[in-house]
Amino acid sequence: MEYEYWPLAKLRQELDDGEVSSVELTKYFLERLKRANPELNAFLTITEERAFGQAREADEFIATAGANPALCGIPYAAKDLFLTRGVRTTAASKILDNYIAPYDSTVIKKLDEQKAVMVGKTNLDQFAHGSSGETSAYGPTKNPWDKTRMPGGSSSGSAAAIAAGLVPFALATETGGSIRQPASLSGVSGWKPTYGRVSRYGVIAMVSSTDSPGAIAGSVKDLALVAEAISGLDPHDSTTSPVEVPQYSKLLNPDIKGLKIGIPKEYFIEGMEAGVEQSVREAITELEKQGAELVEVSLPNTKYGSLVYAIVAPSEISSNLARYDGIRYGHVAKDAKDLLEVYQKSRAEGFGDEAKRRIMTGTYVLSAGYYDAYYKKAQKVRRLIVDEFAEVFKQVDVLACPSSPNVAAPLGKAADDPLFGYIADQLNIPGSLAGLPALSVPCGFSENLPVGLQIIGPQWGEQKVFNVGHAFQLATDWHTKHPKT
Amino acid sequence: MLTAEEVKKIALLARIALTDEEVEKFRLDLTTVLDYVDELKQVDTEGLEIVSQVTGLQNVQRADEPVMADNIEEIMQNAPETKDGYYKVKAIL
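Just so you know, the sequences run in chain order C and A. Using this note's numbering, the final residue of the first sequence is 485, and nothing's skipped along the way. Using this note's numbering, the final residue of the second sequence is 93, and nothing's skipped along the way.
Just to be clear, a hint being listed does not mean it is correct.
[Claimed, not checked] Label pairs and their computed distance ranges (CB to CB):
| # | chain 1 | residue 1 | chain 2 | residue 2 | range |
| --- | --- | --- | --- | --- | --- |
| 1 | C | Gln395 | A | Lys41 | 24 to 34 Å |
| 2 | A | Val89 | C | Gly18 | 48 to 58 Å |
| 3 | C | Ala373 | A | Met68 | 43 to 53 Å |
| 4 | C | Tyr370 | A | Glu49 | 39 to 49 Å |
Just so you know, these hints were derived from the structure itself, not from any lab. For glycine and all other residues, C-beta sits at the position ideal for the given N, C-alpha and C.
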């Protein structure tokens, strides 16, 4: 039997019926990913022993009477930004090369409670700084559709792992495009939650005001199941919301007749690839065919999103990455002669160029004399972006637009371009700055490479974006296309 | 254009040692980023409040009660140097 690309509900049924055990599934996916990984470089750590332990527990649980949690016994991968107790957690950086997490992130804990089975930790842009996967200290992940190309980033390994059918679902994180953009470039479905919907506790911090742990999977239906499992209030993260978590998967409703879908004209930017625009326009026409009402809307401050982010993100990064000092954990320089040198040399040796660039940019714009001109100014322009979205969601239910202006670029394209990420993510960043939920779903191909449709909702509007994505996937088969392996 | 002196000052504040070659590289990179964001200066933001929290939560608090950690050994195992259960650092004075 071949289990790759099975919907989570079908795996659940098979496990519940006793047709396959969790140990067998785990063995199947571990073998599959070990075979594929040397070429794809999607995994940084494979947690075989831990996985079989969890799988045996899941099998014992399934054998007892009563219903099983939706993800019980199902293998998954976690981006190596999620702390996993007793397991190496690197953020794809050398500064955390030998770091063994002493506790679990809340999301991992929630999946443990469901008795899901973690088989490994996936590659990413170092500290999630990047949009290509290329800033990883452990080499770039390859795009399974064309191994000379990038899978997108920063959740590069999670996107590639789903595209290649190496796991049924994967945890990922977004700060400004890190789920939607790789999902788009890798031809898979990705969910970026409302800010505060999913706990950030135990997820290595990047930009605390936009960091949003989420997931990548084979379909919107699968994402709805994972969303139910990992969302909710967490006393360890005071930015999580008491807003109730709906049963997204049970409430999934593909009837979008009369739903108002806004088409923001500024998201069809000058210079976007013609094939991408065509696929996205056709996808939007499909939504109209399903009965949705299309409304052209304008979000004129979209163009400032990446500029605001290029100030706000490095600012928060410079603060969040101050903790890597060579004292409590992580890499320490061997030949430092005093405490100042311990800091300076450990950080110089441990951080990659992109992290250094962002830390220094943030340090500069927050420093005396520049704070008002840069940081404060950016946070005010951010207000314009937040308000403009709030205004548009008074007129429409969701927005539909491209996830990325282009398909996957050749590997090496991002190398040493200090603006690569800000430009690559320009269609994702405004929504991140406003804390909005969004999806990217496969909607076609351009030059044989996947194109993604982005669906953005108002805060806490997960159900609406899931419904639209689900309706689209019931009417089309783009999400069932897979690369040859 | 940033000067080499400015880059060295930033690097000192950020506690990152740079070689002369890196100073030059980051001087160009940071200048590129600062030029990129320059357009924001033209945006009219008169009277706007800064954004500090997007979902509107305010003053979320919890009881200030101590909790005993069950993973002190695991935490300390990650330290490059320890002595008698404490982190070891170079002399400050």
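Checked hints:
1. Distance hint check: the CB atoms of Gln395 of chain C and Lys41 of chain A are about 31 Å apart, consistent with the given range 24 to 34 Å.
2. At roughly 57 Å, the beta carbons of Val89 of chain A and Gly18 of chain C sit within the given window of 48 to 58 Å.
3. In this structure, Ala373 of chain C and Met68 of chain A meet the distance hint of 43 to 53 Å, their C-beta atoms being roughly 47 Å apart.
4. Distance hint check: the CB atoms of Tyr370 of chain C and Glu49 of chain A are about 21 Å apart, inconsistent with the given range 39 to 49 Å.
In summary, the structure is inconsistent with hint 4 from the numbered list given earlier, while agreeing with all the others.
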